[in-house]
Amino acid sequence: MTLSHDEIMRVLFAARPRLGAAAYVIARDAQAAEDIFQNVALKALTQDVTFAHEGALLSWATVSARREALDWLRRRKPEVPVLDNDVLDLLEAEGAAAPADTGRVGALRDCLEQVPATSRRLLELRYFEGRSCNEVAAEVGAGLDAVYQRLSRLHRQLRACVEQRLGGAQTEAT
Amino acid sequence: MKSGPDKFELLMRYLDGKHSGDELHAVNALLRSDADAREWLREISHQAFALGDLARGHDAKEHQAAQLRPTFNGWRPLAWAAAAVALLSAGLFGWSQWGARPVVTLTEASGSVIWSGDRGATRTELATSARLPAGTVETIGAVSSAQLRFSDGTLLTLGGNSELAFAVTGQKRIQLKSGSLTAAVTKQPAGHPMLVRTPTAEVEVLGTLFAISTEREATQLDVASGSVRLRRLVDGRAVEVTAQHSAVASLDAQAPLIAGVPTMPPTHWSADLASPPTGGAKGDWHAAGGGAPARWHGVPMVMGRRQGAPVIHHGISVRDHARPSAGAFVTLATGSALTLRWRTQKPAGLLLFISTQLPGGAFGGNFELKPTKTTGALDADGWHTATFPLRSFQPLQSNHAEFSGHGVSVAIVTTYERDAQLEVTGMSIGALTP
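First to last, the protein sequences are chains A and B. First residue of the first sequence? That's 1 in the working numbering, and the numbers climb one at a time after it. First residue of the second sequence? That's 1 in the working numbering, and the numbers climb one at a time after it.
Chain B on its own, in the form it takes in the complex (with noise of 0.2 Å):
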């Protein structure tokens, strides 16, 4: 290696990209004529390069692709798609080889909410005011939520079985790698946006609320305030995202990319329980017969975790069919109340949910109810009929106390004692009927 320091000053100003017009028609010269100049660029970059794979632990996932690649034969095109990316950007964000700083507080958290960082590290028991390093955050269970604040004051909630990570390397990095996300950013430095990147797109923001829910072939955005440009990964084609509009982006590059103004759900919805759990709703299905009307049984939910250990109950979910990621079904008033008919075999506590979305899709709050065991009349068949107003349920978090005007993204009904072989065949949200 001959480079004179002269020429590595003038290869360095150039990376930091610093030069000014001259230089830069000096650099383009001296690597026109100049092998070991070139020579020195390229392990200039290499290094930088592999530097960062090791910041991210990348050279066991490059292990691990290796491993994986069989299995991959015989999969969907999309579906081996979505799952090479995953693979390739599973070593993003473990900055915490080098930099185990804190860079986010845990400011709110509801069920189960999980830490893991490089090398192993993992934290279960995460109390509110944790502060955490880059790293994972996970969401399990329908109940769940999580909120994180950066120290500029932005903050981002997971709801539900979501799969969060984060960086902050110069500008805040985000991978939802699955479920949903809030995120409420505050002014981001010029030329320093903070990025969100799913298995599906990429979006660059510089300060707006908006929401996004990404599954493995599709990613939704909802934005309520401000603009947030969404680029689909599969083209590179995007499109600016304008408040109280949203877009999807999948992998389907014949898919128009488009910003659209969402509907809002209706004031009433009934569950279709006359047929099988589609779009992520959960329940085992029965068909009507035998002087019983069709059902859903319930099915083990994990709900949350305590002490390490999952917390099951047994019962159904319904949300949205017709979106590719949640979405609302249904818009909440003052007087809006949930209508059931169910029935157990044995007595068993009572747990109701529901997870609310703003208008626009931001997170708008968990509520849950436990009804006395008494509650509902009761006819000849054992099945409980009964109405609950939303003003009677809980909120899960301080900051999201009302739900007026929130639509409903997921609904749940559970027994949380035991399994008590919980069937539903009828529920419904709407407004009280005096």
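So that you can see chain A by itself, here it is in the shape it has in the complex (with noise of 0.2 Å):
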């Protein structure tokens, strides 16, 4: 008995935002991570490999994120070091323990619509536009550590913000 590909889907698309966040978490970049997780999916379905249950297809899933983008990172930034594997492990580890973000990017989406407009620049330079913080210090005009003081700041204030709404939607529902 193996899945299907209706289920490789479904199991893939539910684990799509830990499997593009650990992608990110090597390649620093959300539209590689973005990449990654398709190109992930698209092995999943074409390469001869069969998965007999969800757990086997989410451990390959990882294994294969992981080595796409360590791969994506040696071709395109191979000046740029990455973690060490046993904190990779570390944190995949804690991430596939972690519940399901069911709602958590509609939650977002209704957190940024209330972050000003200059601090929404921001977000799109660095996560939109790929800039580095350096440019975008001077895209906006600040220091370096002024921007990652800023961006902490806003990552904080996003996480808050989602917790908030995603606590008071089980609140609601229950």
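FYI, nobody ran anything at the bench for these hints, they're computed from the structure. One or more hints might be untrue.
[As the list claims (entries may be wrong)] Computed Cβ-Cβ distance ranges for the label pairs, DEER-style:
hint: 1; chain 1: A; residue 1: Ala98; chain 2: B; residue 2: Ala29; range: 20 to 30 Å
hint: 2; chain 1: A; residue 1: Trp60; chain 2: B; residue 2: Ala35; range: 21 to 31 Å
hint: 3; chain 1: B; residue 1: Ala35; chain 2: A; residue 2: Asn85; range: 12 to 22 Å
hint: 4; chain 1: B; residue 1: Ala29; chain 2: A; residue 2: Arg74; range: 18 to 28 Å
hint: 5; chain 1: A; residue 1: Arg67; chain 2: B; residue 2: Thr186; range: 29 to 39 Å
hint: 6; chain 1: B; residue 1: Ala190; chain 2: A; residue 2: Arg67; range: 22 to 32 Å
hint: 7; chain 1: A; residue 1: Glu7; chain 2: B; residue 2: Thr242; range: 35 to 45 Å
hint: 8; chain 1: A; residue 1: Arg10; chain 2: B; residue 2: Ala294; range: 21 to 31 Å
hint: 9; chain 1: B; residue 1: Gln254; chain 2: A; residue 2: Leu90; range: 32 to 42 Å
[Unchecked claim] Straight line, CA to CA, 25 Å or less: simulated DSS-like cross-link-like pairs of lysine-lysine:
hint: 10; chain 1: B; residue 1: Lys346; chain 2: A; residue 2: Lys77
hint: 11; chain 1: B; residue 1: Lys177; chain 2: A; residue 2: Lys43
hint: 12; chain 1: A; residue 1: Lys77; chain 2: B; residue 2: Lys187
hint: 13; chain 1: B; residue 1: Lys370; chain 2: B; residue 2: Lys346
hint: 14; chain 1: B; residue 1: Lys282; chain 2: B; residue 2: Lys346
hint: 15; chain 1: A; residue 1: Lys43; chain 2: A; residue 2: Lys77
hint: 16; chain 1: B; residue 1: Lys177; chain 2: B; residue 2: Lys282
hint: 17; chain 1: B; residue 1: Lys187; chain 2: B; residue 2: Lys282
hint: 18; chain 1: B; residue 1: Lys18; chain 2: B; residue 2: Lys7
Treat the numbers as computed from the prediction; the structure is a model and nothing was measured. C-beta atoms are modelled at their ideal positions from N, C-alpha and C, and glycine is treated no differently.
Put the two chains together into one complex; each comes in its own frame, and the hints tell you how they fit.
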């Protein structure tokens, strides 16, 4: 008994935020992380490989995403080193054990509506246009440390907002 | 969340790729010993990935995936995979949600050209010099074409029924969803190559001239100058395609992935109208019988769009049957001519159209001719025969006026005023005989 294509797609889509984030930790490029997830999904469907159960698929996809991300980094940014393997193992293991991210993207979208335009510009430059923090600093006329601090603060605010919204939604559901 | 600013700055520097060797050592040590730091790193990565999704409108796509899933049942595996990848990548380039600044200029347009952005924005009556934000450009109909220019001078030319999404996110990102694209790419910044993705392949370009065409299960790359790295998505294998070489990347991982020298098509060609259309050709085939020769009847064809409505002609189109994507099937010379044998049930104007490629596959221009209605010798069964020198055809793109040495990738014959029941029993292209 092996997973059907339907089941493979369902499982991979459900695990997409985790696999994409794991790829991002290595590649540090949001678009590359998306491409890596797509490649993993394509290989799951077209290569001569079968999966006896969901766990086997997720293990394979996690290993594949890491390998794809490392390949991408070697090809595109060979000068940028990456975390040690044992640290990546830890991150992936804890990520796999964390609860699923149902509704998180929608909550994040709502939270972004509350972010001031100047802060959104910072996120846009960093994560949409793939600029380095140095380039972002030059663009917005701030120092590098200030950009790190502002991004840090924004990530904290977004996390707090998302958790509040998800908590609120759960309360309403119950 | 208890990570102090020092820890956080260290993680931010790691994600920025700006850490020194010592700092990487410190980051590894931090992450080994501090569960909060690991949670923060995962959190930032989740947010970064999700922010990308929001920019692409991807949460909506996930919903679509759930809705579409049952329709995949019973598909052949390769087609299924192609559809899945198309779905997965469908939201890749809709960056206009937060970034509506124009990134390309439409420098040439003929036929029907449509731009659509995120959140349903659509522009159908595009004029030359229109400036377009990231989004999708579609050319509809065999005779349509569009040329887009980025601010650095990079030119993209779409032809025929093609759909292309584009964005600039630190580098140029192109997704050719279907059809054919020619790209003349100026030198790109080191580390920021232009990326072109199709349902089956990805290419990275630092500066070159190439043509790429894709169908659901295969992508063909023809390089005119420079070199391009073609990566097959199904297994990640890659091949370097140099000038005057071509390669095909399909969903079949067992197929060879090699760059070869394409053979020049012959200088004479005759359409096989004794067989039904294949490989993207269009026409309603009728076998010989009742004293009539084998022939193709005209079928409705979208030739463009006017004031939002499709322009329909009735006719036939022929193209190369042997290649997985659009390829040239005859090489033109100065003295080339198109010979046609046809008849109609009603008087109607005839339109002859050819689309050409440069050697190496790049777009070479479209040409058309509307002969006078009295053209051609007429036999007792109502069949006209006429030869039309290519030099009498009008170029449709101002920067592609020459055809000699080009290959023909599509030839079309239609009646354009009404459905006059066009039938074609012979079509050939070759040297004009005196």
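Taking the hints in turn, this is what the structure says about them:
no., hint, result
1, A:Ala98 - B:Ala29: 20 to 30 Å, "holds (23 Å)"
2, A:Trp60 - B:Ala35: 21 to 31 Å, "holds (27 Å)"
3, B:Ala35 - A:Asn85: 12 to 22 Å, "holds (19 Å)"
4, B:Ala29 - A:Arg74: 18 to 28 Å, "holds (24 Å)"
5, A:Arg67 - B:Thr186: 29 to 39 Å, "holds (33 Å)"
6, B:Ala190 - A:Arg67: 22 to 32 Å, "holds (25 Å)"
7, A:Glu7 - B:Thr242: 35 to 45 Å, "holds (43 Å)"
8, A:Arg10 - B:Ala294: 21 to 31 Å, "violated (50 Å)"
9, B:Gln254 - A:Leu90: 32 to 42 Å, "holds (38 Å)"
10, B:Lys346 - A:Lys77, "violated (65 Å)"
11, B:Lys177 - A:Lys43, "holds (19 Å)"
12, A:Lys77 - B:Lys187, "holds (18 Å)"
13, B:Lys370 - B:Lys346, "holds (17 Å)"
14, B:Lys282 - B:Lys346, "holds (21 Å)"
15, A:Lys43 - A:Lys77, "holds (24 Å)"
16, B:Lys177 - B:Lys282, "holds (21 Å)"
17, B:Lys187 - B:Lys282, "violated (39 Å)"
18, B:Lys18 - B:Lys7, "holds (15 Å)"
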